[in-house]
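Those protein sequences? They're chains A and B, same order as listed.
Just add 8 to the spot in the first sequence (first one is 1) and you have our numbering.
Just add 1143 to the spot in the second sequence (first one is 1) and you have our numbering.
Treat the hints as calculated values from the structure; they're not laboratory data.
Keep in mind it's a predicted model, so treat the numbers as computed, not measured.
We put the beta carbon where it would ideally sit given N, CA and C, even for glycine.
Among the hints, a few may not be true.
Unchecked claim - Quick look at which bits of chain B chain A covers, simulated, 3 or more residues with Cβ under 8 Å:
| no. | segment |
| --- | --- |
| 1 | 1170-1184 |
| 2 | 1302-1314 |
| 3 | 1338-1349 |
| 4 | 1376-1382 |
Unchecked claim - Take a look, some chain B residues computed to stay more than 12 Å from chain A by CB distance:
| no. | residue |
| --- | --- |
| 5 | 1146 |
| 6 | 1147 |
| 7 | 1199 |
| 8 | 1214 |
| 9 | 1229 |
| 10 | 1233 |
| 11 | 1235 |
| 12 | 1237 |
| 13 | 1254 |
| 14 | 1255 |
| 15 | 1263 |
| 16 | 1281 |
| 17 | 1282 |
| 18 | 1286 |
| 19 | 1296 |
| 20 | 1323 |
What the hints assert, rightly or not - Partial list, derived from the structure: chain B residues whose beta carbon lies under 10 Å from chain A:
| no. | residue |
| --- | --- |
| 21 | 1246 |
| 22 | 1279 |
| 23 | 1298 |
| 24 | 1319 |
| 25 | 1324 |
| 26 | 1362 |
| 27 | 1363 |
| 28 | 1366 |
| 29 | 1368 |
| 30 | 1373 |
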Amino acid sequence: MSAPAIVVQGVTKTFGETPALRGVSLSVAAGELFGLVGPDGAGKSTMFRVLTTLLVPDAGSATVMGHDVVRDLWAIRSLVGYMPGRFALYADLSVEENLRFFASVFGTSIEAGYDLIAPIYRQIEPFRDRRAGALSGGMKQKLALSCALVHRPQLLLLDEPTTGVDAVSRREFWDLLDELRASGLTIVASTPYMDEASRCDRIGLMQDGRVLAIDAPAAIGAQFPRALFAVHGGPRARMIAELRRYPFVASAYPFGETVHFSDRRLAESPDTIRRELADYLAVADLQEVRVAPIAPGIEDTFMELMGESPSVAA
Amino acid sequence: MNTPAIVARNLTRRFGTFTAVDHISFEVQSGEVFGFLGANGAGKTTAIRMLTGLLAPSEGEATVAGYDIRTAADRVRERIGYMSQRFSLYDDLTVRENIRLYGGIYGLQDDEIARRSEVMLGELEFTPPVTAMVRALPLGWKQKLAFSVALLHQPAVVFLDEPTGGVDPITRRQFWELIYRAAAKGTTVFVTTHYLDEAEYCDRLSIMVDGKVAALGTPAALKAEFSVASLDDVFVTLARGTASSGERSP
Chain A
9 MSAPAIVVQG VTKTFGETPA LRGVSLSVAA GELFGLVGPD GAGKSTMFRV LTTLLVPDAG
69 SATVMGHDVV RDLWAIRSLV GYMPGRFALY ADLSVEENLR FFASVFGTSI EAGYDLIAPI
129 YRQIEPFRDR RAGALSGGMK QKLALSCALV HRPQLLLLDE PTTGVDAVSR REFWDLLDEL
189 RASGLTIVAS TPYMDEASRC DRIGLMQDGR VLAIDAPAAI GAQFPRALFA VHGGPRARMI
249 AELRRYPFVA SAYPFGETVH FSDRRLAESP DTIRRELADY LAVADLQEVR VAPIAPGIED
309 TFMELMGESP SVAA
Chain B
1144 MNTPAIVARN LTRRFGTFTA VDHISFEVQS GEVFGFLGAN GAGKTTAIRM LTGLLAPSEG
1204 EATVAGYDIR TAADRVRERI GYMSQRFSLY DDLTVRENIR LYGGIYGLQD DEIARRSEVM
1264 LGELEFTPPV TAMVRALPLG WKQKLAFSVA LLHQPAVVFL DEPTGGVDPI TRRQFWELIY
1324 RAAAKGTTVF VTTHYLDEAE YCDRLSIMVD GKVAALGTPA ALKAEFSVAS LDDVFVTLAR
1384 GTASSGERSP
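If we strip away everything but chain A, and leave its shape as in the complex, we get:
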């Protein structure tokens, strides 16, 4: 078993009075696709800036590829490819000039890194003379990824690479990450989209500067503490109101076309819970009611853990 790519222990970082990281510990194995999942303000970007040696933590320690982020920062910088959350390329340079610049900073050339970036860069190469600032959002994202990869890093850090990107482009981007991981690269990507999290080997759920849970996506879902049911039927607003009024309700949240419901009586069998709930809803003025047991997903567990954490979201 090879050494871990990233080890973070008890890292804290505060900006003025605002704590961004409140004691974060995690590790990422070499070759892993690891997801940092959480809303804006959870501390994901601060974590990336510590790992890329751009920020010094107030307390705690972190190593990247065995190098300490404070003492060995120069060793880390050439081993890491980083795509920040905001577009950070030179808008007035062309596509090719940007890529050449990033290659030269690391003492290499486009040609030397070409085979690695080819699956991505070929899609924007027809526009190599266009100013980066004039590219569409999707093309900017591909150029930024090419620039982060051109020096053949061992670790790729992607801060919200798919925020504001439509569902189809997001899928395509994660397909690309699958290919890169298959080539042996270690990847850490952050996202506010829970559906993307399921494509990672393991994920860390972040909220308010803390890691709420770290595990494989399926195992995160399995952490949900109660039996969960998908309730169909409408009208939706009245269905939610009826479920919240149910004496044994523990949670009732809309999920797509259904409402996810859990019952606070842990001792009851799922079958009894389902039957009693169906009876309760049958007398309400609702249409096409169906109650079916389902396996909890990442988002179910995330909301459950948010409710338990000391500072609940507004």
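Mind docking chain B on chain A? Use the hints.
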């Protein structure tokens, strides 16, 4: 009320030789929650800029809240609210200052602003102090407050452009409860989102592909039409059909 809140007829916008919005037609009823979906570059933003009276159409027509967007764009802007993920409130003003600013822009008197903001903050169960800088608010509160401020002048139609981007999953659901509450009072809600589970929360939705409305209907009807289990699949089926999603502009 029988007049639809929004009527678009062959609404079209060209930029040079590029047709960003290509003869789109649809109606949105009063009090309806209407989802406006599409891949990046499909033409959603251009369509919204026309419907909010900020951009003149090249061809076609539309009325919003009963006013013609070509001949009465000022009236349209008075009768609509708008919020987006990128632009909502002023960070460097307090909660109260933001409310007064927006109320003032829409011509509300001070006592009226005070009365409405009290009702609004009460309904929101807003706990931070009104003297807090908006910058200091958690994102969830900021977005919920921005939505309520966009409704302060009691618009007929409110346009929400990706209002829940980056917001945590509980706040996202609270936000949709605010949307339902507004719709139940008769406000028409026109909303874009990249979260396809949220598309399920809309009464009806349209999906734009390459400047055209490629699908329009209730979530259930769209899934039936395309014989798929989820709106995600509807979206991917439509958007994958194009040359390259999101890369249409020259």
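I'd like to know which numbered hints this structure contradicts. Please list them from smallest to largest. Per hint list: 9, 16, 17, 18, 20, 21, 23 and 29 violated.
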